[in-house]
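Protein chains: 2
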Amino acid sequence: MVIGIMGSEFDEATSVRRGTGGRYDARITPGWDIAGNANGGYLIALAARAMVAEVERPPLTLTAHYLAPGQPGPCTIDVDAIRVGRRMATASAKLEAQGRQVMALLGTFGDQPPAEAVAPPVVNAEPVDLPPIEECLPGGPPVVEPDTSGFGDRIRSVYHPDDVGFQMGSPTGKALVRGYFEFADHHRIDELGLLVAVDAFAPVSFNRPEFPISWAPTVELTVHIRGVPVPGPLRCSFSSRFLQHGMFEEDGEVWDADGNLVALSRQLALIPR
Amino acid sequence: MVIGIMGSEFDEATSVRRGTGGRYDARITPGWDIAGNANGGYLIALAARAMVAEVERPPLTLTAHYLAPGQPGPCTIDVDAIRVGRRMATASAKLEAQGRQVMALLGTFGDQPPAEAVAPPVVNAEPVDLPPIEECLPGGPPVVEPDTSGFGDRIRSVYHPDDVGFQMGSPTGKALVRGYFEFADHHRIDELGLLVAVDAFAPVSFNRPEFPISWAPTVELTVHIRGVPVPGPLRCSFSSRFLQHGMFEEDGEVWDADGNLVALSRQLALIPR
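Just so you know, the protein sequences line up as chains R and H, in that order.
Under the numbering used here, the residue at position 149 of the first sequence is numbered 149, and the numbers go up by one with no gaps.
Under the numbering used here, the residue at position 235 of the second sequence is numbered 235, and the numbers go up by one with no gaps.
Worth flagging that the hints you see were computed from the coordinates, not collected in a lab.
Be aware that one or more of the hints could be misleading.
Just a sample of chain H residues kept apart from chain R, beta carbon distances all over 12 Å, derived [as the list claims (entries may be wrong)]: (1) G7; (2) E12; (3) R17; (4) G21; (5) G36; (6) N37; (7) G73; (8) T76; (9) Q98; (10) T108; (11) D129; (12) V158; (13) G169; (14) S170; (15) A184; (16) H186.
Sample of chain R residues facing chain H (criterion: CB under 8 Å; computed from the structure) [stated by the list, open to error]: (17) R27; (18) V122; (19) T222; (20) L243.
Chain R stretches covered by chain H per the calculated footprint, using a threshold of three residues with CB under 8 Å from any CB of chain H [as the list claims (entries may be wrong)]: (21) 58 to 67; (22) 92 to 102; (23) 204 to 217; (24) 258 to 266.
Given the structure is predicted, the values throughout are model-derived calculations rather than measurements.
Just so it is clear, CB atoms sit at the ideal spot from N, CA and C, and this is done for glycine as well.
Taking the hints into account, I'd like the entire structure generated from these sequences.
Here you go:
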């Protein structure tokens, strides 16, 4: 049985085939790479597809540790359903490809309770402040030759004009990157799509002049899914306050087109050297 | 072999005995509980002690999913060293007691690189603003009878006078709690001690009048260890911006007595009902 609704590039590229004992066969699909290595958020979504199939609930909080780059080709995802409760389920997974483990994951899964079932929301923040999408700018990292990377053809990430200084050799001085995210085929973004959005922009270290514009390897990324997005581009913000001891945190906020907070993310990454 | 330096209550209460195949025997020590259930940060530290022993490095980023309460008594920690590299190691663990799994963990471990080995730090934040420690107030949750809980005798958490409204039946209206943390025996706080600090204060939901002052069960907690604290009480801040769909995130910052950021934490918890 193949799991994953056909009809969008993303659903097809994250489809998995259920085996036995929690094993899923899948494929790191060509075209989701940056310079040959699959985008990290895409790999999380691929593994999460198998975890969701195993516990039959969408993610609430998911942590991934990045162990090795993932190149296109067959892969396996082994899911261990640690505890399946009435409301929530917790599972771990490992994603292996080319004979090595690419990623280790641990998450808790469950449906978002309907709004009327709980107390009124308390939100002490505003949606990410962005100009209209047509005034935003493409902002792929200049180190990557566009014709060697497929990821930029699968997703559309456009940047706040104030945050693209790094592209012109003039880092803004603020470890901040904001922009819109959508799939290139405009397919609706579900909970698994949010996992791609949170790792789809240039590292915020690019906008600090102290650090080279070079790959900032993710050690670990945790996403809290806080809502199901309505259709339309997502408003995203990524920032860091502490770039020290060779590492930095990158805090992400993702809001949907109706102004609802739908995901919070934080990753720990290595400062480029 | 017993691992854990004797001489402090915390080290003793988190000591583990190495078995074979990654198994460690330990004990959920009486006296680290709140109303009979061991404090969550203490349980993380106990499991982390075994993970650190297995990979021989302190934590850099550690995620714990809370599955069941842990009561005092014997427990086992099974550690899987997923990848041990030159600089970093990634491991998962499960903590079991009374025949059930209490906690699932996944972390990456490694030493903090010495400051001189990397670029100068970029810090865009100030240490938590607190009055002198003698002007801060004890702030245990009023729902808990002190004489049924040992945790408050093991650690000392004192609160910013502006943040204790919830204790007097006057929530401040801000989902914010700040204070100092130290061990009751004044023992030096190491990386494992930081794991206790980030889950040792009252839930920030207590200061929002919409929600009852009642247990806010943690689903998942992730800590980034960003430095090794110098001796002295820690300055801690916890806050939340999004209390919605029955859940809230609690963001923690921990600074040492010299004004260095030493830990960032975020947990996803259930809003009390």
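Verification of the supplied hints:
Its beta-carbon lying about 28 Å from the closest one in chain R, H/G7 satisfies the requirement of being farther than 12 Å from that chain. For H/E12, the shortest C-beta to C-beta distance to chain R comes to about 29 Å, beyond the 12 Å cut-off, and the non-interface label holds. With a closest Cβ-Cβ approach of about 24 Å to chain R, H/R17 is found to remain outside the 12 Å limit, as its non-interface label requires. With a least CB separation of 17 Å from chain R, H/G21 remains clear of the 12 Å interface cut-off, as annotated.
Listed as outside the interface, H/G36 is consistent with that label: its C-beta sits roughly 21 Å from the nearest C-beta of chain R, beyond the 12 Å cut-off. The beta carbon of H/N37 is kept farther than 12 Å from every beta carbon of chain R, the shortest such distance being approximately 17 Å. Interface exclusion of H/G73 from chain R stands, the closest Cβ pair being 20 Å apart, more than 12 Å. With 12 Å as the threshold on Cβ separation, the claim that H/T76 sits away from chain R holds: the shortest Cβ distance comes to roughly 15 Å.
Every CB of chain R lies more than 12 Å from the CB of H/Q98, the least distance being 15 Å, so the non-interface label holds. Its closest Cβ contact with chain R, about 5 Å, brings H/T108 to no more than 12 Å, contrary to its assignment away from the interface. At the 12 Å boundary, the C-beta of H/D129 stays outside the reach of chain R, the nearest C-beta of that chain being 15 Å off. Interface exclusion of H/V158 from chain R stands, the closest Cβ pair being 25 Å apart, more than 12 Å.
No beta-carbon of chain R is positioned within 12 Å of the beta-carbon of H/G169; the least distance is around 18 Å. The claim that H/S170 is not at the interface with chain R holds, since no C-beta of that chain comes within 12 Å of its own (minimum 17 Å). No beta-carbon of chain R is positioned within 12 Å of the beta-carbon of H/A184; the least distance is around 29 Å. Consistency note on H/H186: stated as away from chain R, and its beta-carbon is indeed over 12 Å from all of that chain's, at 26 Å minimum.
A least Cβ separation of about 23 Å between R/R27 and chain H goes past the 8 Å threshold, and the interface hint is therefore violated. Proximity of R/V122 to chain H holds as hinted, the smallest CB-CB distance being about 4 Å (cut-off 8 Å). A hinted interface residue such as R/T222 counts as satisfied when its beta carbon comes closer than 8 Å to some beta carbon of chain H; here the least separation is about 5 Å, so the hint holds. Hint status for R/L243 relative to chain H: holds, with the closest Cβ pair at about 4 Å, below 8 Å.
Under a criterion of three residues with beta carbons nearer than 8 Å to beta carbons of chain H, the stated coverage of the stretch 58 to 67 of chain R is upheld, 5 such residues being counted. A stretch counts as covered by a chain when three or more of its residues have a beta carbon under 8 Å from one of that chain; for the stretch 92 to 102 of chain R and chain H the count is 3, and the coverage holds. Only residues whose beta carbon comes within less than 8 Å of a beta carbon in chain H count, and the stretch 204 to 217 of chain R has 3; three or more means the coverage holds. Note: the stretch 258 to 266 of chain R has 3 residues with beta-carbon separation from chain H under 8 Å; the three-residue rule is met and the coverage holds.
This entry does not satisfy hints 10 and 17, going by the numbered hints stated previously.
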